[in-house]
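Q: The sequence shown begins at 1 in the UniProt record's numbering and counts up one residue at a time.
Don't take every hint at face value.
Unchecked claim - Heads up, simulated DSSO-like pairs for lysine-lysine below, C-alpha to C-alpha not over 30 Å straight-line:
(1) K61 <-> K21
(2) K41 <-> K58
(3) K17 <-> K47
(4) K47 <-> K61
(5) K13 <-> K58
(6) K41 <-> K13
(7) K13 <-> K61
(8) K47 <-> K15
(9) K47 <-> K58
(10) K15 <-> K41
(11) K21 <-> K47
(12) K58 <-> K15
(13) K21 <-> K58
(14) K47 <-> K13
(15) K17 <-> K61
(16) K41 <-> K61
(17) K58 <-> K17
(18) K15 <-> K61
Claimed, not checked - The calculated label-pair distances, taken between Cβ atoms and stated as ranges, are:
(19) T62 <-> S7: 17 to 23 Å
(20) T3 <-> S59: 17 to 23 Å
(21) D18 <-> E80: 23 to 29 Å
Everything labelled a hint here was simulated from the structure, so no lab data went into it. Where is the CB? At the ideal position from N, CA and C, for every residue including glycine.
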Amino acid sequence: MTTREQSIYQEIKEKLKDAPKSILERVLGYVDGISEVKNDKQFQELKMHVHEDYAEYKSGKTKLLSIEEAENDIENSISENEN
């Protein structure tokens with residue numbers, strides 16, 4: 001692991017160390033979605049979706065999504081882009 005990768009890993013680890021299970025599950029869903037992304041356009045769309053979800057959560061407009069709902073959204077987005 002490079003120094004940069006180690007730094008990123010440590011930052012993620014620090015930010016998530018006290019996170020509740022529901023947040024960790026959501027993050028895992030995003031990571032899985034990113035791992036399956038096949039091109040930059042799909043990645044940018046997923047990134048935008050993550051930012052929108054986070055902004056809505058922080059503003060109090062929405063509660064956390066279930067991991068199943070997040071996975072379904074990611075799968076639908078990827079499927080739409082493959083067609």
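Q: Confirm or reject each hint.
A: Comparing the hints with the structure gives:
Of the supplied pair hints, the one linking K61 and K21 holds, its CA atoms being roughly 21 Å apart against a limit of 30 Å. Among the hinted pairs, K41 with K58 is consistent with the structure: their alpha-carbon atoms are about 26 Å apart, no more than 30 Å. About 22 Å separates the Cα atoms of K17 and K47, which keeps this hinted pair within 30 Å; it holds. A C-alpha spacing of about 19 Å is found between K47 and K61, which places the hinted pair at or below 30 Å, so the restraint holds.
Taking the CA atoms of K13 and K58, the gap is about 20 Å. The hint holds against a cut of 30 Å. At most 30 Å may separate the alpha-carbon atoms for a hinted pair to count; K41 and K13 meet this at roughly 27 Å. Pair hint K13 plus K61 holds up; C-alpha atoms about 27 Å apart against a cutoff of 30 Å. Between K47 and K15, the direct Cα distance comes to roughly 18 Å. Compliance with the 30 Å bound is thereby established for this hinted pair.
As the CA atoms of K47 and K58 are separated by approximately 16 Å, the hinted pair is consistent with the 30 Å bound. At roughly 27 Å between alpha-carbon atoms, K15 and K41 fall within 30 Å of each other, so this suggested pair holds. Straight-line distance between C-alpha atoms of K21 and K47 comes to about 21 Å, which keeps the hinted pair within the 30 Å bound. As the CA atoms of K58 and K15 are separated by approximately 15 Å, the hinted pair is consistent with the 30 Å bound.
The straight-line distance between the Cα atoms of K21 and K58 is roughly 17 Å, inside the 30 Å bound, and the hint therefore holds. Restraint check for K47 and K13: the C-alpha separation of about 20 Å stays at or below 30 Å, so the hint holds. Restraint check for K17 and K61: satisfied, since their Cα atoms lie roughly 25 Å apart, inside the 30 Å limit. At roughly 27 Å between alpha-carbon atoms, K41 and K61 fall within 30 Å of each other, so this suggested pair holds.
A hinted pair counts as satisfied when its Cα atoms are at most 30 Å apart, and K58 with K17 qualifies at roughly 19 Å. A hinted pair counts as satisfied when its Cα atoms are at most 30 Å apart, and K15 with K61 qualifies at roughly 22 Å. With their beta carbons about 31 Å apart, T62 and S7 fall outside the hinted range of 17 to 23 Å. Between T3 and S59 the C-beta distance comes to about 36 Å, which lies outside the given range of 17 to 23 Å.
A beta carbon spacing of about 35 Å between D18 and E80 contradicts the range 23 to 29 Å that was offered as a hint.
In terms of the numbered hints stated before, the structure departs from hints 19, 20, 21, listed from lowest to highest.
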